Structures are given as C-alpha cells and as structure tokens.
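Based on the provided sequences and hints, a complete structural model is requested.
If you read the sequence shown in this note's numbering, its first letter stands for residue 6, the second for the next number, and so on.
Quick caveat, the hints were computed from the structure, so don't treat them as lab data.
Some clues are possibly wrong.
Under the rule of at most 30 Å between Cα atoms (straight-line distance), these lysine-lysine pairs were calculated in the DSSO-like manner [what the hints assert, rightly or not]: (1) K116 / K106; (2) K103 / K164; (3) K116 / K164; (4) K184 / K224; (5) K184 / K223; (6) K223 / K270; (7) K164 / K106; (8) K174 / K164; (9) K116 / K270; (10) K116 / K174; (11) K103 / K158; (12) K103 / K174; (13) K184 / K116; (14) K103 / K224; (15) K174 / K184; (16) K224 / K158; (17) K103 / K116; (18) K106 / K174; (19) K158 / K184; (20) K223 / K164; (21) K164 / K224; (22) K106 / K184; (23) K158 / K174.
If you're wondering where the values come from, they're calculated on a predicted model, not measured in any experiment.
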Amino acid sequence: MSDLQKALQDFLNRIPPDELRDEHDLELVSRQFMAMQNSQPIDDFEGLSASLMSESLSGIEGFDGFMLQRHQTFDDADLCRVPLVAMFHVLAENLGEKGIKLTPQGRLPRKVVRALYDANRALVTDERFGRPPQLEEDSAAASAARVIYEELKLVRLVKGRMVLTVRGKTLAQTAHVQKLFWMIFEFTARNFNWGYTDGYDADPHIQNSFVFCLWLLKKNQGWQPFNQFLTRYYRAFPMLSDDSMLALKLRMTRVWQWVGVLQVKFDENPRNYWGENDELMLTRLGRALYG
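Structure, rendered in structure tokens:
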C-alpha cells in the first residue's frame, strides 16, 4: 500500500460510517481529503504544499505569505542601480530630443551599444564579459533592453530613427524611477521571453518558476553555491532536461541581474566551465520585493 493509500485509509477510518450514505457524501469526503493532502508541506518543494507550489507557478504575484510587495517604495539609489533602469537612463541621454539614427540594418549605432554595455557591466556582479560589442546583436543586455523598452513604449522608431516617447521622456526623469522600475520589473518577469537572451529553447517552465526560485534563495540569506541551488530546484522538477537546467542558470545570471534581484560571484577557474562553483545571493532589492 502506497503512502497516499495509507493516508486515505486513515482519513476514512476517522469518518463515522453513517456520514457515508451515498456517492455524494463519498465525493465530498474525497474533496476534503485532497484538500488536506494538498495543504501538507512537501520536502521536495522545500516545505511548500502542492497548493502553494501551484500558486507560485501561476504568475509573479507569489503565494500566501510570500506576496509581491507592489505598493512598496524602495530607495531611489537602489533602483537607479538596477541595470535595466540604468541602461534606460543612458539610452535616454543618448537619444535626447532628436533621437538617434539607426544603422541601415535598423540596429543601434556602435556608440550607443557600447554605452549600454558599459552601463550594464558597471552594475552586474562579475559577469563574464567577452570583448566589447561592435554590434547590437553582440550584446545580450543591449538587445534585450531595446526589446523591453520598445514593448513598454518608452521609445519608438520614426523614419529610421529611435526617439523617446512622451512616456519615455517622463520616466527618464529620476523623480519617476519608482514607476519605471516597477514597469520594467513586471514586464520582464512576466512577459519578456527570457529565451530571447540565449540559444536554448524558450522553456516557459523556467520563467514560470521565477517566484519559486526567489523562495529558494530567500530561505538562504547568505551566498549559496549554484550547484546547491540547482540540486534543490531539480528535486522539485526532476522532469527537466540537462539543457533546461543550463538555460535556467544562464537566464538567472543574465535576466535576474538585469532586473536587480540577484548578485553572482563567478569562479574564474578554467575548470569551472559550466559555473559549478559560482555562488549567488539575492540583492537587498530582491529580498524586499516579496514578503
């Protein structure tokens, strides 16, 4: 007899026989049993119940006791150091009132790509940077930032030029950094396709597990070896392929840093090719977003 069957038998033994008169009563009891089972903490889910795990995978809002603090005001200085916020400020400065002319291929000019690259590099923690980019497509951060800003209607294209929209001009002001951050964070976490940043399949499960990953990291306040984190994650989702786990690692070290919730210590040992010895920890902002 399985553990589930034993639990069901124990549950039924505690019900007086006269309460099971017909199929309707049996169905009601079955629902009560399933509700009870779904509310039990599960070791593989790091103490979350099946119900809470389901909530954690349904969006970025969170679950009971771990909810997104939408109405919270953060320190402006912290938000200005979020890479996607900082990169927008840099882009807005380069666009000015007249905008900038794009390349014949419709890409950002090299000067702007380098400015975005430098802004990101100054803020993310020890990301492994290669040679400075010559083209927009050479920089994952610049390419992703452009897509996000266009989708949020902060910039638009007019006759081969990129210009700030009215919204973009307003939100480029430091006084509006709170609204800018929330707009960027919610869109990037919920709507932006993280798979755009690498060569792996989209694998929406990785993005859907964003809140659960935050939960795992928040349980450990200090630095956590990436391998230890991945082991805990894989215990909850053993059906994922090796490619999915590599994509998760790559997207966390990119997208999570870009939205300001994660800091990473990279081990530069050549033998650490897949990042087995890297360490990660939530930023102060990452810890404050949910509670």
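Against the structure, the hints come out as follows:
| no. | hint | result |
| --- | --- | --- |
| 1 | K116 / K106 | holds (11 Å) |
| 2 | K103 / K164 | holds (12 Å) |
| 3 | K116 / K164 | holds (20 Å) |
| 4 | K184 / K224 | holds (28 Å) |
| 5 | K184 / K223 | holds (25 Å) |
| 6 | K223 / K270 | holds (17 Å) |
| 7 | K164 / K106 | holds (9 Å) |
| 8 | K174 / K164 | holds (19 Å) |
| 9 | K116 / K270 | holds (29 Å) |
| 10 | K116 / K174 | holds (21 Å) |
| 11 | K103 / K158 | holds (17 Å) |
| 12 | K103 / K174 | holds (12 Å) |
| 13 | K184 / K116 | holds (28 Å) |
| 14 | K103 / K224 | violated (48 Å) |
| 15 | K174 / K184 | holds (13 Å) |
| 16 | K224 / K158 | violated (36 Å) |
| 17 | K103 / K116 | holds (16 Å) |
| 18 | K106 / K174 | holds (18 Å) |
| 19 | K158 / K184 | holds (14 Å) |
| 20 | K223 / K164 | violated (47 Å) |
| 21 | K164 / K224 | violated (50 Å) |
| 22 | K106 / K184 | holds (28 Å) |
| 23 | K158 / K174 | holds (11 Å) |
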